[in-house]
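S.K.: Each chain, letter by letter, is given below.
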Amino acid sequence: MQIARVLGTVTSTQKEPSLRGIKFLVLQLIDDDGRPMSGYEVAADSVGAGVDEWVLVSHGSAARQVPGSEQRPVDAAVVAIIDTVSIENRLLYSKRDQY
Amino acid sequence: MQIARVLGTVTSTQKEPSLRGIKFLVLQLIDDDGRPMSGYEVAADSVGAGVDEWVLVSHGSAARQVPGSEQRPVDAAVVAIIDTVSIENRLLYSKRDQY
Amino acid sequence: MQIARVLGTVTSTQKEPSLRGIKFLVLQLIDDDGRPMSGYEVAADSVGAGVDEWVLVSHGSAARQVPGSEQRPVDAAVVAIIDTVSIENRLLYSKRDQY
Amino acid sequence: MQIARVLGTVTSTQKEPSLRGIKFLVLQLIDDDGRPMSGYEVAADSVGAGVDEWVLVSHGSAARQVPGSEQRPVDAAVVAIIDTVSIENRLLYSKRDQY
Amino acid sequence: MQIARVLGTVTSTQKEPSLRGIKFLVLQLIDDDGRPMSGYEVAADSVGAGVDEWVLVSHGSAARQVPGSEQRPVDAAVVAIIDTVSIENRLLYSKRDQY
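Residue numbers (our numbering), protein chains in the order written: chain A, 1 to 99; chain B, 1 to 99; chain C, 1 to 99; chain D, 1 to 99; chain E, 1 to 99.
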């Protein structure tokens, strides 16, 4: 999985019918110093993540291991909203500190 | 998923029989500032996307989660035509503005 | 899928038994200006592609969606010989012009 | 698989229900000279790896070939704690030497 | 598939039980001029490859299409020992010439 920050959203009317009702988030990948990396990802959201939150994103067939998404053509999914990231016993990120 | 713009098409007569009738689009990946990225992708189209439209492309086994494509040897598929992309509450792209 | 040109072949005697009879092609990936990209791929061929032809190559589990290859340990397959590539309404490649 | 060193942990309360009880490790990939590579990975742990240990990490659908994880949306898993890495008959790493 | 040279081995005692008895090889990827590329791979071996031999390595779910490995958490496997690599009708590598 990768650590990412929610940047925004993508909307679409004309799409695969199985994608109706899916929320698409634009994610910015975060490196292990907490800095934004180049590149982004569009992922299906099933955990209710909002803009600026840090999340875990799973890629590939893992993105379909979410109840109801088994046969959806998605290759990335937000699977968790992150509470804390600790690196070398140092707290890199804490959701509580953001609010 | 990645955001991409439809650049063109690929045609082929001699191919895996299961690929007959599939439209192959050449896609240019778009970064989160709306600029073209280096690299491209050839993807199967099932949503009727046309040249210059912005689309969502799914890679890997997700590309076969489209009715009728379950057993086709495709590793990328256009799964949605994008209406809007919003980044940090700013509208990066709107299909309506293009026409 | 990626566009590639057939560069050569790989032969092997000592291999997974399920790979007997499979032709392995060395492919050079081609960018969307028709220029060779760095990097290469070895792919199973099921469409009879020859050296210098432009082909479509599928990666990952898609490579096993070819009759007879469902249980072969291949992660790339040539699935089509390309007739034409059109980019922005310009003909980038035409097989007919090569001969 | 890649060789990685355990850097830290990620915690999350709000997540896919199937991820409850999974320990998420932050991993730093190691190159074949034993040096840290740029980039990191968050992986599910099933072997009880601790900070600073060298491990093998598997990506993609392989990460779900762990008893109990078959239907979890994880795309990376620590599958082994490394005892030794030998390169060109030289011992690059030995777990025993670390303690 | 990629062409690689066998560099060394990884050993592990504490691992997923399904990985017992699997030999892990450290592989150096080789480019299409026969030169070592940066980066490496750890792959399960099922064909008895030895140090310095050139092999074909398959990634992803293909690595589990080897009898007995269907449910092992491996994402790369050596599937063939290479006899020859021919590029543009030139013999880039011949196993026979190495001994």
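FYI, nobody ran anything at the bench for these hints, they're computed from the structure.
Careful: at least some of the hints might be erroneous.
One copy or two, it doesn't matter: identical chains are merged, so the pair holds either way.
Claimed, not checked - Restricting the straight-line Cα-Cα distance to at most 20 Å, the calculated cross-link-like pairs of lysine to any residue (SDA-like) are:
1) K23 to I87
2) K23 to S69
3) K95 to G39
4) K23 to V47
5) K95 to D52
S.K.: Taking the hints in turn, state whether each one holds.
M.R.: Right, here's what the structure says about each hint:
In the homo-oligomer, the alpha carbons of K23 and I87 lie at most 20 Å apart only across protomers (14 Å), although the nearest pairing inside one protomer, at 31 Å, exceeds that limit. Taking the shortest alpha-carbon separations for K23 and S69, only the intra-copy value of 12 Å comes in at or below 20 Å, while the best inter-copy value is 24 Å. In this homomeric assembly, K95 and G39 never come within 20 Å of each other (Cα to Cα): the closest approach is 23 Å inside a single copy and 22 Å across copies. In this homomeric assembly, K23 and V47 come within 20 Å of each other (Cα to Cα) both inside a single copy, at 10 Å, and across copies, at 18 Å.
Within a single copy, K95 and D52 get their C-alpha atoms as close as 10 Å, which meets the 20 Å cut-off; across copies the closest is 25 Å, which misses it.
Of the numbered hints listed earlier, the single one contradicted by the structure is hint 3.
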